[in-house]
Amino acid sequence: MKIDKSIFAALAWVSLAVLTVPDSAVAQDDGDNVFAQYREMFGDDNPAELIELQGEDLWSQVRGPKKASLEKCDLGLGPGKLDGAYAQLPRYFADTKHVMDLETRLVYCMVTLQGFSEKDLVAKPFSGRGEQPSDLEALSAFIAGRSRGAPIKVSQSHAQERAAYERGKEFFYYRAGPHDFSCATCHSQSGKRIRLQALPNLTEAAEARKAYSTWPGYRISEGTVRTMEWRMGDCVRQQRLPELQFGSDIAIGLITYLGVMANGEPMNAPGLKR
Amino acid sequence: MASPMRIRAKTTDGITEVKALMSHPMETGMRKDAEGKPIPAHYITEVTATHNDKLVLHAYWGPAVSQNPFLNFQFKGGAAGDTVTIKWVDNLGESQTEQATLS
Amino acid sequence: MHRTVKWGLLGAALCCTSMLAAAAGKSDPLGNVAASFKAHGQAGMDRLERDPMQQACSQPASSEPSAEVAKSISRSAQERVKPPSDGQYLGDWKAGEKIAQTGKGMQYSDDPAEPNGGNCYACHQMAGSEIAYGTLGPSLSQYGKLRGTSPAILEYTWTRLWNSHVYNVCSHMPRFGDAGILTEQQLKDVMAYLFDLDSPVNQ
Amino acid sequence: MNYPRRSFLKLGGSALAALATTAMWPLRALAAAVRPEAAFVAKDLEGTYKGLGGTPTASAEIDLSTPDIAENGAVVPINVTSKLPGTEEIYILVEKNPNPLAAAFTIPEGTEPFVSLRVKVAQTCNLIAVVKAGGKLYSASKETKVTLGGCGG
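For the protein sequence lines, the chains are Z, X, Y and A, in the order given. Read in order, the letters of the first sequence are residues 8 to 281 in the numbering used here. Read in order, the letters of the second sequence are residues 56 to 158 in the numbering used here. Read in order, the letters of the third sequence are residues 26 to 228 in the numbering used here. Read in order, the letters of the fourth sequence are residues 395 to 547 in the numbering used here.
Quick caveat, the hints were computed from the structure, so don't treat them as lab data. Since this is a predicted model, take the numbers as computed values, not measurements. Just so you know, even glycine gets a beta-carbon here, dropped at the ideal spot from N, CA and C. Mixed in with the good hints there might be a few duds.
[Said to hold, decoys possible] Which chain A residues stay away from chain X? Per the calculated CB distances, all over 10 Å, these:
#: 1; residue: 452
#: 2; residue: 506
#: 3; residue: 530
#: 4; residue: 533
[As the list claims (entries may be wrong)] Derived EDC-like pairs: lysine to aspartate or glutamate, alpha-carbon spacing no greater than 16 Å straight-line:
#: 5; chain 1: Y; residue 1: 129; chain 2: Z; residue 2: 241
#: 6; chain 1: X; residue 1: 65; chain 2: A; residue 2: 503
#: 7; chain 1: X; residue 1: 87; chain 2: Z; residue 2: 138
#: 8; chain 1: X; residue 1: 109; chain 2: A; residue 2: 503
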């Protein structure tokens with residue numbers, strides 16, 4: 008979808024290179040293998056660390072009309088409890104009587120604790136090209152990082168949590184728009200790829216675990232950390248549907264569905280993405 | 056913290072390995088923003104690394120170094136308590152300095 | 026360029042089936058889908074409405090539509106296929122190559138003034154020289170060389186591009202002609218890319 | 395829970411920056427005195443080599459490691475190790491970028507003749523490491539393929 012604006016249009020150097028190497032030059036079958044060497048060269052050195060630092064700073068900074076930090080924000084494990092909190096989101100929150108994911112909960116905290124306007128926060132939750140990471144991106148990177156190693160445990164105990172899962176699962180197969188695409192079009196078969204990119208089969212636990220546990224992720228093509236809400240919205244954009252609204256029932260439903268599919272896997276985010 | 060930098064430095068068998076991540080857009084000046092307006096060039100032009108007071112690496116960069124640059128190099132020596140300092144300067148005259156202490 | 030197809034009896038039948046299911050107390054887990062979206066650029070809210078095929082195929086492959094529903098979807102798809110107005114199936118393979126390589130078009134982030142791409146390489150192997158091809162669909166390498174250009178194979182391929190559901194009820198392939206993704210001329214150019222013996226697909 | 399990434403020191407602030415600026419000033423004299431501007435603005439290899447002072451000789455004593463295929467040309471890792479005695483400078487070039495020269499490193503005495511960096515590669519082409527050792531220029535090159543990714547490009 009937006010394939011690389013950032014390197015091609017974006018670098019605006021030269022036109023797209025059409026490859027002219029013989030087939031035999033690369034493995035044909037598996038996108039993962041094709042890029043394994045490329046991935047390995049990054050080691051553990053993920054620029055997401057820089058954005059985690061920005062998020063850590065934002066978390067404790069006194070900001071907003073109410074001149075408060077986010078340190079009393081309750082992400083589900085109690086006010087200010089960060090370790091492992093992301094691995095258990097989305098979840099039902101009694102104070103709002105809604106299932107919330109990390110990002111909607113952060114907005115809630117920024118509104119209630121710091122006095123920011125919800126309308127402003129939701130109007131542009133993600134950074135644009137050439138901009139600094141948004142507050143939500145930086146905070147999400149930092150908070151997800153504080154769940155590294157914590158097993159994913161997305162609850163299904165509350166009726167609303169189960170309803171969110173069902174909604175997400177149902178929408179996963181929802182074919183619509185001029186191209187008839189659903190999430191399942193690309194993400195319900197194993198061993199497939201789009202162009203050279205391996206496509207995780209999100210209906211299989213093993214693949215869903217690997218995918219979910221590495222979001223949010225530093226997107227090389229975007230030059231910043233992108234969040235789970237962004238990921239859902241960008242898939243939907245590529246499905247040619249109208250804009251998926253931030254924090255909407257379908258967005259949270261999809262994240263809940265994928266989270267439950269990934270339960271048990273240790274979080275390893277922010278990951279490093281194409 | 057507009058542009059954080061992360062430095063990791065570790066001494067093994069008398070060689071200190073330094074890894075640095077620098078927050079910088081490294082704009083080439085050839086990209087356009089969402090509205091189609093050109094994004095001005097903004098990139099690190101010079102990087103200097105010192106071990107205590109000794110220069111251990113110097114670099115001039117162009118805009119082809121990737122966004123949020125990663126740099127890895129090694130020098131001989133290094134002991135607990137020593138410092139490794141990295142400083143960059145960009146084409147707009149901005150600069151950033153970060154220091155790590157060897158442990 | 027949205028679909029302007031009249032669904033007629035098939036639509037009516039499916040619509041009543043779903044109404045009956047709702048009446049029987051089977052709740053819809055989706056709730057109000059539209060409430061989660063907002064119109065953006067060329068992607069209007071009408072895109073969330075599903076036609077009978079989309080509705081019938083909105084489920085895991087393990088629970089595809091009944092034989093009867095499948096048959097009516099395929100029949101109705103077949104009825105709407107428009108052969109080239111001048112009877113010529115093959116256009117310019119060089120133009121077809123660009124269409125096969127381009128994935129833009131119809132996203133709210135795309136410029137509606139620009140022609141749409143076909144993005145064939147996202148899913149299919151085509152020219153042997155292009156290594157960045159997807160595997161969601163079958164390889165089309167050597168397509169024309171292997172099959173020749175008989176009227177039957179030209180018509181079959183045109184129909185596949187126009188509306189793949191004629192042959193495969195819940196095909197994942199977009200309905201490039203039927204949904205107005207590609208113009209008649211663009212379809213001819215893609216046909217030429219597949220069939221022309223000078224095209225890289227057949228090298 | 396383990397946080398391997400938290401193990402290093404984070405410092406900052408203008409005081410430190412000011413201190414470092416002063417402290418480092420005399421050091422600049424040690425580094426390559428001036429930016430090789432002609433090489434940085436050159437639009438092809440020939441021009442870049444001219445800016446660097448000559449065409450390098452191919453050498454097997456330079457280890458150049460880059461991926462065969464890059465998932466994204468915006469970030470391509472490149473590692474260069476020189477086994478040439480007296481390595482003073484290491485240059486990283488991307489043959490078909492608008493300006494091939496990406497970076498010019500000075501390697502002082504006591505620093506290993508090794509650098510690892512990530513660069514933008516606009517299209518499939520050779521990545522080239524040029525090493526200045528004993529006053530002479532040597533090079534090694536390797537092709538990296540840049541592919542189109544994903545679904546909607």
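Status of the hints after comparison with the structure:
1. Separation of residue 452 of chain A from chain X is adequate, the least Cβ-Cβ distance of about 22 Å exceeding the 10 Å criterion.
2. Not every CB of chain X lies more than 10 Å from the CB of residue 506 of chain A, the least distance being 4 Å, so the non-interface label is violated.
3. At roughly 20 Å from the closest C-beta of chain X, the C-beta of residue 530 of chain A stays outside 10 Å, upholding its exclusion from the interface.
4. Against the 10 Å criterion, residue 533 of chain A stays outside the reach of chain X, whose nearest CB is about 17 Å from its own CB.
5. Restraint check: the Cα-Cα separation between residue 129 of chain Y and residue 241 of chain Z comes to about 14 Å, which is no more than 16 Å; the hinted pair holds.
6. Under the criterion of a C-alpha separation no larger than 16 Å, the hint pairing residue 65 of chain X with residue 503 of chain A is inconsistent with the structure, at around 19 Å.
7. Between the alpha carbons of residue 87 of chain X and residue 138 of chain Z the distance comes to roughly 12 Å, so the proposed pair stays at or under 16 Å and holds.
8. Distance hint between residue 109 of chain X and residue 503 of chain A is fulfilled; the C-alpha atoms sit about 10 Å from each other, no more than 16 Å.
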